[in-house]
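Participant: What follows is the residue order along each chain.
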Amino acid sequence: MEFLEGALALMEIRLGSIKKNIDGMLKVTIDGIETEVAEGTTILQAARKIGGEIVPPAMCYYSTLKNSGGKCRACLVKVAAGSAKDPRPMPKLVPSCITGVQDGMVVENITNPAVLEARKGVVEFLLLNHPLDCPICDQAGECDLQNFAYEHGMANTRYEEDRRKFEPHEIGDKIKLHMTRCILCYRCTYVADQITDNRVHGILNRGDKAEISTYIEKAIENDFSGNMIDVCPVGALTDKTFRFKSRVWFTKPLDAHRDCPKCSGKVVLWTKGNDVLRVTGRKDQYGEVKEFICNECRYEHKDMNDWVVEGPRHIERSSVIAQNHYERIDLQKLKQDVERQLKFQEGKRLNESNNIPS
Amino acid sequence: MARKLLLKDIDVPGIRSFDVYRKQGGYASVEKALKTMTPDQVIDEVKKSGLRGRGGAGFPTGMKWSFLDRRSDKPRYLICNADESEPGTFKDRYLMEYIPHSLIEGMIVSSYALGAKTSYIYMRGEFRWIFPILEQAIEEARAAGFLGNNILGTGYSLELYVHPGAGAYICGEETAQIESLEGKRGNPRNKPPFPAVVGLYGCPSVVNNVESIAAVPHILTMGGDEYSKIGVGKSTGTKLISASGHINKPGVYEIELGLPVEEFIYSDEYCGGIWKGRKMKAVIAGGSSVPILPANLILKTAKGEPRLMSYESLADGGFQTGTMLGSGGFIVMDETTCIVRNLWTFARFYHHESCGQCSPCREGTGWMEKVLHRLEHGHGHMHDIDLLVNVAKNIEGNTICPLGDAAAWPVASAIRHFREEFEYHVKHPEKVKDRKHFEKEPFVSEKKLTVAETV
Amino acid sequence: MTGPIKFSDASMALVQKIIRRYPEGRQKSALLPILHLAQAEFGGWLSPDTMDYVASILHLKPIEVYEVASFYSMYNLRPVGKCLLEVCRTGPCGIRGADDIVEYLENKLGIRDGETTPDGMFTLKTVECLASCGTAPMMQVGDHYLEDLTCEKLDGILENLQNAHQKK
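Just so you know, the sequences run in chain order A, B and C.
When we follow our numbering, the leftmost residue of the first sequence carries the number 560, and every step to the right adds one.
When we follow our numbering, the leftmost residue of the second sequence carries the number 600, and every step to the right adds one.
When we follow our numbering, the leftmost residue of the third sequence carries the number 35, and every step to the right adds one.
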């Protein structure tokens, strides 16, 4: 195994001086679609630039949190050719969220059956000890794991053993922790380290007994800690002030902002009629909040009058929340979306005509 | 009589002390390297010798050293991996306990070759009584002028420290060891970047096994070319094999690579044959992480050639009919061993030792242990066997570090070679309720035994 | 524990010596050795107060110490008996009778794996490979390995351990 890693090391060191295009951009082909990105871009970021079905799923990577990624193994892809200079394939599947692009790299994602099998395996592993809480879990409808399992998983379960359990712990009156649901993405610890001013919780124990905990029961209350709720991909960390109030797809999300000295003040209000049921940061199409909000904006302003409402929030059509949601169509964006999908179909056909297995 | 290098002086009384060790020729390689060779020349000798990592991966040591990032002006570190936790392996403990100076001498010349000014020996915490032994040896070497500032007046300075682990097999993985040395949880890092570029404290570092480092003085003294003449093919030099299990003489043996396996197991110079007059059933040749092989395949390859104790010969046949030399933890099992039970103890081991970062290993090791527990205790189903193979396949290659592979390979190989025994556990649950089930009545295959399978 | 947790002067000197082994600003590396020292000095286990004390010496957040202490299996986060019997149970020891040793100790001491005898003398703990496969089955008690165990030897061993502790 180390011999293969040594081969990788050789490749990395020999590619120390990458031959770039004149404008400094690197060419990468993902599932037959070519794009150009700046040096230092990862495969996942390049795929997100292209958009659509070829974007690998990511359960632990978060672009605005440093050091995240590389753990859940959901984003594994096949690098069929390392670079134009050294076109050998990489021996193992690599995590696309932390693997940098090299000039001339060829990546196979959903056109490679081994990648799809590996992804099914990862879904199975993540669901192994995950409790069947969907009917009572607040995250339902905006849960990354639900989406991941739906798109990339198997229809049945093979696990017959007991699932691991944890002693419930309270971490304050704002955030509810359901440790059984946690998939150990570590994002909440990065929020605590990088976004708040103090970290009082961490990962204790080892293996599948690993748990997020404060060790001695303590509340997590420092400012900006509420962002842990937004970054948590599953229902392990949820907003206690919103607990059991409503299913997410029955609420109406509105973009809003207020003048806040501590944060950008840009939020999404999840409303029912004139009631603000909860306030969250603005997640982009990959579920990532780019501008984190302070605890005051999140918890202390549940009155519509506290906010300047901008309009209905755009919800991706693929989301369950879009079912009850009406918004004005952005024709330009729709055109881009359709063009991209056509381009992908073209690339797929080209692959088939070149006898590259798809 | 086979050539011995590392254990040549093991029986000399007082070899633990600096004076006796020096009198036997110890530290001569330090004088040779620091006074007459450049660091690059030392690396060249190691490359010429063909020394391969003795911790289990078998990666050429000289090549690993040459990966060290020379362009960086950050300090460099050499870390000796003395976190010996691979089940079946106990050779590093033996070396450090009885000839500690061989490791110290190796650390000095290796650090010199790599340009390291501070080096650490990461030793597993359970070896509590060996800490004072090593620290004493370091003090003796320092008092004699072989450590500290301006060693032997050559201008090279080195500080050497022993750092304890605290009970984690995963810290034997090089990046997890570096994390642990930094005072954090032993979570392996993703590679690339490799430790040679970003290692301890973000500086270029090399992690080497105790035995690999202890071999370097001998390579320098006799010359890399001479060293490469010992052994066979790409398996050069001598190796310490930790023999355990159902043999008459378990212990640490230094062999020249290329020794026939049959001789190793049956000759009185080594293991002395199977104990209690029993027959051999299976062997794990390189520590629990490598595939298990039935008796016929450990003595001969699938092609019928005699198997040798070397990297190439043991790996002959890939994982279908071969295994790996690995760390040299040679575990021999007789006919009363229950393969399923033994596999369960290993699955339990990997489950206990998984760090928990990546989902395939964290969840998969637990799953495999639970299924094997049911199988061993008479609650298994027929489909569990194929399930185990599939789970092992889903873990392999998809994890951050090789612990996932190490957990998957024994499962896949045990089922590949001993599937009938697993099926027996499913078909006859009442017979396996007693944990000593095969001690009372060894398992006999229901198929006809072929000539090749009788030993 | 009576009184505040504080290292003796000799231990504190050793702590400072350990910290100096690592580069300036990297005193977190000293966490593992210092936790070993703290465990030995403060009752054989690491209470939250002990860990907070270690955190203050190394200028770390308490959670950083809790995380590390709970990761490694040698740190006891609950009180243990005066004699911690750590019996190896992995493969090579398993095939040479480790299960018999554990069963014998459980019956003899009247406790299960992980428990402590009512008089606080012995704690039984099964552990993973201790790198002593050639002298299996075996167990670790304190600093030492007791190797080549048989059930017959165990009575004598337990008696010796009991006597040694009562003399203290």
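Accuracy of the hints is not assured; some may be wrong.
Covered by chain B, per the in silico footprint, the following chain C stretches (three or more residues, Cβ under 8 angstroms) [said to hold, decoys possible]: (1) 103 to 115; (2) 159 to 170; (3) 187 to 199.
Hints were generated in silico from the structure; no laboratory data involved.
Remember, it's a predicted structure, so these values are computed and weren't measured experimentally.
Each residue gets a CB set at the ideal place from its N, CA and C atoms; glycine is no exception.
Participant: Honestly, which of those hints from before does the structure not fit?
Facilitator: 3
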